[in-house]
Amino acid sequence: MAVDAQTVNQVHQRAQVSRGRSFLRTLWKYKALYLISLPGILYFIVFKYVPLLGSVIAFQDYNIFDGFTGSKWIGMENFQRMFAHYDFLKILSNTLLIGLYDLVLAFPAPILLALLLNELRIVLYKRVLQTVVYMPHFLSWVIVSGIAIGILSPSTGAVNHFLAWLGFEPIYFLGEESWIRTVLISSGIWRDSGYGTIIYLAALAGINPDLYEAAEVDGASRWRQTLSITLPALLPTIMILFLLHIGKFLDFGFERVFVFLNPLNKEHGEILDTYIYTSGLLGQQYSYTTAIGLFKSVVGLVLIVIGNVMSKKTTGESLY
Amino acid sequence: MNRKPTASWQTFNVFNIIFLTLLALAMFLPFLNVLAQSFSSSEAIVNGKVFFLPVEFTTINYQYVFSDAAIWRSFGVTVYITIVGTLINLVATASLAYPVSRPEYAGRNVIVVMVLITMVFSAPLIPNFILMKNLHLVNSLWALLLPGAVSAFNFFVMRSFFMQLPNELIDSGHMDGCSELRMIWSIVLPLSKPVMASLGIFYAVGHWNTYMNALYYINNPAYWPLQVKLRQLIVSEDISIDPSATQFSGLAHMDPEGIKMATIIIATLPIVLIYPFLQRHFVKGMMVGSVKS
Chain A
2 MAVDAQTVNQ VHQRAQVSRG RSFLRTLWKY KALYLISLPG ILYFIVFKYV PLLGSVIAFQ
62 DYNIFDGFTG SKWIGMENFQ RMFAHYDFLK ILSNTLLIGL YDLVLAFPAP ILLALLLNEL
122 RIVLYKRVLQ TVVYMPHFLS WVIVSGIAIG ILSPSTGAVN HFLAWLGFEP IYFLGEESWI
182 RTVLISSGIW RDSGYGTIIY LAALAGINPD LYEAAEVDGA SRWRQTLSIT LPALLPTIMI
242 LFLLHIGKFL DFGFERVFVF LNPLNKEHGE ILDTYIYTSG LLGQQYSYTT AIGLFKSVVG
302 LVLIVIGNVM SKKTTGESLY
Chain B
479 MNRKPTASWQ TFNVFNIIFL TLLALAMFLP FLNVLAQSFS SSEAIVNGKV FFLPVEFTTI
539 NYQYVFSDAA IWRSFGVTVY ITIVGTLINL VATASLAYPV SRPEYAGRNV IVVMVLITMV
599 FSAPLIPNFI LMKNLHLVNS LWALLLPGAV SAFNFFVMRS FFMQLPNELI DSGHMDGCSE
659 LRMIWSIVLP LSKPVMASLG IFYAVGHWNT YMNALYYINN PAYWPLQVKL RQLIVSEDIS
719 IDPSATQFSG LAHMDPEGIK MATIIIATLP IVLIYPFLQR HFVKGMMVGS VKS
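Protein chains in written order, with the numbering used here: chain A, 2 to 321; chain B, 479 to 771.
Just so you know, these hints were derived from the structure itself, not from any lab.
Do not rely on the hints blindly, as some may be mistaken.
As the list claims (entries may be wrong) - Partner residues aside, some chain A positions facing chain B, computed with beta carbon under 10 angstroms: (1) 68; (2) 165; (3) 263; (4) 293.
Said to hold, decoys possible - Short, incomplete list of chain B residues facing chain A, as computed with Cβ under 8 angstroms: (5) 494; (6) 589; (7) 593; (8) 601; (9) 606; (10) 687; (11) 738; (12) 753.
Glycine included, each C-beta is placed from N, C-alpha and C at the ideal position.
Using the sequences and the accompanying hints, generate a full structural model.
What follows is the structure, given as structure tokens:
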């Protein structure tokens with residue numbers, strides 16, 4: 002037995018050596034391919050993995066003069082400080098609330114829009130509408146906020162003139178904290194819900210028309226057909242996009258919030274990302290805000306894993 | 479799909495058309511409002527007379543914008559990073575995606591996993607900033623070009639495109655004793671024009687809209703891209719007007735709303751102009767992307 006085990010071991014070792022050698026041989030044989038791929042690999046290492054290693058400053062009292070090696074290690078202190086901090090908890094709850102509104106209101110919007118567009122029978126008109134609703138997606142958030150600030154302005158904005166014409170008092174939408182979340186969510190729906198329909202429309206186009214014909218023969222109404230054929234056919238796409246959305250739950254987006262923030266609406270509008278920028282980068286609380294950022298990334302990862310497990314159990318859909 | 483129209487279905491169709499039309503108007507009318515304001519006099523804007531057509535038509539807002547050297551400079555920065563940045567993006571993305579798509583490239587799975595991880599777990603802002611500082615890229619245009627050189631998503635799109643190329647073609651090239659580079663240049667690249675165009679146009683729009691990275695990494699107004707300049711204009715309460723520029727003498731104590739709107743139009747125009755090309759490509763791009771998972 003012992004001898005056998007030894008020979009098996011030797012065979013293994015030899016196989017490993019020859020695998021190593023054959024890898025080197027492949028490397029040499031296709032050296033052009035490996036050379037070409039080098040800049041891309043370097044890019045991912047330098048710009049994606051080095052900062053990941055740099056995140057250790059979350060466990061340090063980092064200052065820029067002492068660097069990574071000179072700064073003092075303080076363990077979990079930054080994380081403890083985070084959860085003891087009133088500001089952090091307020092901003093976290095803003096982020097969670099905005100994320101929740103986004104999930105409940107903005108996520109279903111393209112699904113509904115795609116279903117309605119799909120029912121249009123006038124092909125040319127459908128195409129015109131699609132062209133119009135896809136367009137806003139390509140505008141930067143700076144431009145979207147510029148347009149929104151313009152039309153929502155209490156003195157010169159079209160919306161407030163319309164309200165005044167209806168007999169209402171003008172509303173300073175961007176100057177009142179009670180309106181900021183509405184503005185954030187609706188500007189997102191305005192910009193992205195049209196573009197979001199593309200993937201659903203493609204899934205809808207892939208449904209076999211025979212299914213509808215058979216349902217028709219069986220006497221199913223159009224509404225019934227939507228419930229029993231269209232929605233089940235969309236479910237896999239919806240689930241995949243839902244899982245991706247869940248993974249980004251705390252990642253509402255820096256730009257789209259920052260461009261609408263001002264001192265008057267900050268109380269309800271500030272999210273983790275904008276706080277990391279103002280307190281971390283501008284306020285130079287490097288370690289503390291890195292801890293917040295790390296917390297955000299870890300939560301995102303946990304959410305994506307949990308979501309995936311749950312989806313696999315209930316619908317059979319999963320990301321990996 | 480010829481389905482028998484019932485009465486209730488007809489009603490739904492009518493309401494559906496009306497609803498979708500209103501929705502499309504809600505997406506389109508804000509543009510029209512901005513466009514109308516940009517061609518209107520300041521008094522008309524302040525008094526709220528401008529909706530969808532210019533009132534007291536004037537081009538003074540545009541004259542002001544075009545006379546501002548800082549805006550021209552930002553425009554130049556944006557054009558530069560759009561062109562150079564897109565080239566860097568395409569070369570960097572393709573030069574990783576092509577080798578990794580080849581079956582003879584041992585270790586390709588390691589690289590795929592390496593890229594995949596960056597999609598689900600990314601480093602916080604400050605470590606990125608410290609890296610840029612240590613590389614001496616802060617306050618240089620490289621800070622707008624390098625950090626996003628390869629998008630993980632586009633890498634996967636391009637890789638799946640290369641994987642669909644017929645293997646015989648590439649093998650026959652090998653057989654004829656073509657060098658790898660020569661083969662990429664004369665066989666692979668000509669075949670990949672469609673994917674290059676699709677991704678190139680997406681990368682280009684991304685560069686045109688660059689705002690966040692400039693905010694993070696660039697303090698020097700000389701290197702501000704258009705979006706940062708535009709943002710500064712939008713939030714400024716009044717726009718200082720050079721008193722020596724006589725053509726704007728009437729503008730000196732006017733509301734800057736029209737000027738903001740004119741700048742928004744100028745920043746949007748290039749996107750609108752390439753939109754027809756965009757539309758042809760983005761459906762395709764998204765389809766290839768969704769195949770991958």
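Results of checking the hints against the structure:
Satisfaction of the interface hint for residue 68 of chain A is found here, the shortest Cβ-Cβ separation to chain B being roughly 9 angstroms, below the 10 angstroms cut-off. The beta carbon of residue 165 of chain A is positioned within 10 angstroms of a beta carbon in chain B (closest approach about 8 angstroms), and the interface hint is therefore held. Because the closest C-beta pair between residue 263 of chain A and chain B is about 8 angstroms apart, less than 10 angstroms, the hint holds. Taken as an interface hint, residue 293 of chain A checks out: its beta carbon lies about 7 angstroms from the nearest beta carbon of chain B, inside 10 angstroms.
Checking residue 494 of chain B against chain A by beta carbon gives a least distance of about 6 angstroms; that is within 8 angstroms, so the hint holds. Annotation: interface hint on residue 589 of chain B holds; nearest CB of chain A at approximately 7 angstroms, less than 8 angstroms. For the restraint placing residue 593 of chain B at the interface with chain A, the shortest Cβ-Cβ distance is roughly 6 angstroms, inside the 8 angstroms limit, so the hint holds. Using the Cβ-Cβ criterion of 8 angstroms, the hint placing residue 601 of chain B at the interface with chain A is satisfied: the shortest such distance is roughly 3 angstroms.
Annotation: interface hint on residue 606 of chain B holds; nearest CB of chain A at approximately 5 angstroms, less than 8 angstroms. With a cut of 8 angstroms, the hint placing residue 687 of chain B at the interface with chain A holds, because the nearest CB-to-CB distance is about 4 angstroms. Taking 8 angstroms as the C-beta cut-off, the interface hint given for residue 738 of chain B holds, the closest approach to chain A being about 6 angstroms. A cut of 8 angstroms between beta carbons decides the hint on residue 753 of chain B: the least distance to chain A is about 6 angstroms, and the hint holds.
Of the numbered hints listed earlier, not one is contradicted by the structure.
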